[in-house]
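One-letter residues, chain by chain:
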Amino acid sequence: MQLVLEKRTERSNAIALVSPLIAIGLTIVTMTILFAILGKNPLLALQAYFIAPLTDGYSLQEIAVKATPLVMIAIGLSLCYLANAWNIGAEGQFLIGAVAGSWIAVKTQGTDAGAWVLPAMLVLAATAGALYALIPAICKVKFGASEILTSLMLVYVADLLLDYLVRGPWRDPNGFNFPTTAEFDPVATVPLLIEGGRLHLGSIIALLVVAAAAILLGRTIKGFEIRVVGAAPRAARFGGFNANQLIILTFAVSGALAGLAGIIEVAGPVGHLQPGISPGYGFTAIIVAFLGRLNPIGILIAGLFLALTFIGGEQAQIAMKIPLDVTKVFQGILLFYVLACDSLILYRFKLVFPNRQVARGAG
Amino acid sequence: MRKSLLALAAGLLLAGSVSAASAADKLKVGFIYLGPIGDLGWTYQHELARQALVKELGDKIETTYLENVPEGPDAERAIEQLVRAGNKLIFTTSFGYMDPTLKVAKKYPNVHFEHATGYKRDKNMSTYSAKWYQGRYIQGLIAAKMSKSGVLGYIGSFPIPEVVSGINATILAAQTINPNIKVKIIWANTWFDPGKEADAAKALIDQGADVVMQHTDSPAAMQIASERGKLAFGQDSEMIKFGPKTQLTSILDTWGPYYIERVKAELDGTWKSEDSWGGLDSHMFAMAPYTNMPDDVKKIAEDAQAAIIAGKLHPFKCPVIGQDGKEIECKGGANLADGQILGMNFYVKGIDDKLPGK
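Protein chains in written order, with this note's numbering: chain A, 1 to 363; chain B, 1 to 358.
Just so you know, these hints were derived from the structure itself, not from any lab. Among these hints, one or two may not hold up.
Capping the alpha-carbon separation at 20 Å, the derived lysine to aspartate or glutamate pairs in EDC-like fashion look like this [unchecked claim]:
{"hint": "1", "chain 1": "B", "residue 1": "103", "chain 2": "A", "residue 2": "112"}
{"hint": "2", "chain 1": "B", "residue 1": "354", "chain 2": "A", "residue 2": "163"}
{"hint": "3", "chain 1": "B", "residue 1": "55", "chain 2": "B", "residue 2": "261"}
The following block holds chain A by itself, in its conformation from the complex:
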């Protein structure tokens, strides 16, 4: 007797909608047990994780700030993934965007350059991110190189380039050799939306990106092309869609968005270029893209939810003295359940009796 996963012939839309809720429910049950074992009050702990961060303006702002780069990168990645192009190197495109945009900030430092500085930084960062993403895309289209490997390896190149610049030519001359540029001038800084808060213009840009992606995928022929090439490559070929062209296009868009996210992070919450500007945003965004089912609105929700677990995790550490490791376990359990529940939408368990047993029955 064997337990196998069998593909369902048809999928239920109702289950597809309920499945994330089931996953969250199962996570809460599991965490309740875990908190109880740790000797913490599960109700208070869950309150610290999920409810407390949603009840004051400060935490809501922080959730938006944390979600901004994740959502922007994940939207770009979702276009790639829908078109069956596997961009794993968003982290590198994020860093290159940050570096390219910072170049203007560093070069204009201390001059009375005008209001053009920030827009120029944003444009240059997006362009650089797109060009950087085109390297693996062109290698894929021209030479058949695996874009998964090439895009991933370019992350390390970007990382080392940033490292070199902040330790060498761009180092703050008054910074005692520490690897960082000087703080950017006000004209090179992303404006804040709320006085005294941290919410910045980048969050608005992220929302615009979500809306643009929703329109692109839902209402345009290009969006239709992307979806068909990914879902049914043969049909797409018959339809005259050029898959290679789409790989180039989706990689460029996704690189541009990652690069834009990079400069917004550096010119926004950080304020200068330094190593470690990304705590793995480019990789976490892959999770966000899939948690959001490659759907723009889904990604927005998934990005906000993941940000909530970060902020909630910190508040649980402070209020309940719950160790950080528990937050990581919590995030892992959540992902596990989401993926497990998703599998059950498309597949079902089936008991299989191998032939051997049948033969014995016959004999």
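Take the given structure of chain A and dock chain B to it, following the hints.
Using the frame of chain A, we list chain B on its own:
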């Protein structure tokens, strides 16, 4: 359903505020840690100090820490979370928290901040660090005595003044024993990465080093030296259990007394923004027992330690000769000025290497 949920939430909030009220008379002290508390190095020593603080003043204070906080965009939020949770004195324990700490400090003028190893201060933001170069000087004496090949291996983290002054102090000390001593330096470009640190240690030993010194935080180099039958110095914490026959001594970060002193000042209302840069004499750090060396070497080390504490020995006694053979301007009278050491970005004569970024 919704009503009962609301009632539940209200009840929980109420419970929260009641417990907050009962703790209101205690001073809340917060800590931001770079690594996990189990890193056995830098963060672990801060955690030990926090525990010492709780042991001493536990009836008057309540402490909270956030661990594994990256030195990037998340740091500012983590610090602000501690402020918003009611912490009145906050220790941010790594250099990379400097700008985030300063930003939060400007926003909350009534909260006091203590930032480790940085150089920016404000009315409500102190800095504190230790004169580790004194310990490095003692290690340089021991290393030169114990090395048979005359080659020392040095794993640097980042070429910042704290690390550069450590290398210079080591070599200046070693030259007093063996004028031809050589030092091989590898920059790991990380504070904590056991894999990289181990690779660096292997490379240094392959280049002929028989004493390994490190300015990175994990015991990996100690373990490699131990496997290869070489000698090594620990860093930040006691690492003898990773090399019982290998560790000569270790620079131990002992933040406890400083934390207790500063929290007491906060409790008394006498806290002031300061720049504390303590040495062996003020117990900002300590040397682990001198082990795996003959008695005469041990005596040299102990004598040097006593002389440093007594103020009779200064590792950067003028004249200090730079790598180019020119004398470094002596701004501190008999010794280099503190500012010259805090901003040190040159190698002394005898180091056959180029300082990155020079």
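Tested hints:
{"no.": "1", "hint": "B:103 to A:112", "in the structure": "violated (24 Å)"}
{"no.": "2", "hint": "B:354 to A:163", "in the structure": "holds (18 Å)"}
{"no.": "3", "hint": "B:55 to B:261", "in the structure": "holds (13 Å)"}
Checked against the numbered hints given earlier, the structure breaks only hint 1 and satisfies all the rest.
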